[in-house]
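Asks: Sequence:
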Amino acid sequence: MFNFKKTASLAAAAVAAVSLTFASMASAQSVQRLAFSGGPDGGTFQFFSNGISTRLSRAIDGVDVSNMASAGSVENLRRVNSRDADFGIVYSGDLYLGSEGQLTNDTRRYRNVQAISYMFGAPAHLIVLDSAGITDVSQLAGKNVAVGPAGSGAAASAQRFFEGVGLWDKISPQYIGYNQGASALGDRQIDALWVFAGFPNASVIQAATSNRVKLLQVYEAAEKGTLFNDHPYYAQVTIPAGTYPNVDYDVVTIQDSALWVTGRHMSEEMIYNMVSEVYSDDGLAFMRSVSSAASAMTVESALNGVVNTVHPGAAKFWEEKGHTLSDAQK
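Going by mature numbering (1 follows the signal peptide of the UniProt record, and there is no 0), the letters in the sequence shown line up with residues -28 to -1, 1 to 302, in that order.
Simulated from the structure, these hints should not be mistaken for laboratory data.
Take the hints with a grain of salt, since some may be wrong.
[Claimed, not checked] Computed cross-link-like contacts, DSBU-like style, restricted to lysine-lysine with a CA-CA straight-line distance of at most 30 Å: (1) Lys142 / Lys115; (2) Lys196 / Lys142; (3) Lys196 / Lys115; (4) Lys302 / Lys288.
Taking the hints into account, I'd like the entire structure generated from these sequences.
Replies: Quick look at the structure:
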């Protein structure tokens, strides 16, 4: 006998299952998937990009931000400009030079990238083995120097620095990452390691823990050369004594500003909400748990080192917090 009630019940269940499936598909489709281009393993960029990606994914409904490994600043600039990434960390110098078509061997003008905020100062570390007897930057002529991965902000900054002191055509640059460079220094495969990242840096700690090292006085050498005339966005900074094992003296060096950037394609509302989350008390506490370098992230320091246009969503937030944007930032 045909059972109308049972058939109706089964039909209703089938409709409900189909509805649930479509609802699940719609929910999945409503998630906005974004990409954050970070940095090489062991570098501060990667800690920050992973931290922000995690925080935004957890705190903002309908958003999933994935962290991407990267060679660093210049690659991040290119990815965000082409929309291969929605966020990145880019040095202020690379952002400025890129927007003007003045990057090394690259005359393209990257105009789709806008600043969100200053994150931390990225000082130059120039590390040698104490046993090598190298006490001055000038002694690196004829030496193998690890400068960071090809296409990275570290490698670009190294070239600017060594050009400024007249040594770029006298050293042999090795395009390897920080962790590999720290190991290579200990194995005597290179003579010096250039690390351009917030301190304390894990790779420098690795090098200083495994070997007795010396950090050279970078600012003194830069001041004698043309760096500050050629690249005025660099500034003096001191790495305090005791930051690294057995480095019991202040190291006076140079720094660029690492900036959180995004693309013009991102909406004002979305960026405003994201900045509000990351720069909330809870958001900043979370970032500081990710990296001690995030102690430099404050509402007050938000526009430090920014010499390019600020994204409208971020600009709205900072103006509400009492900042006045410069002509270059508008």
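Asks: Compare the structure with the hints numbered earlier in the document and write down the numbers of the violated ones, lowest to highest.
Replies: none
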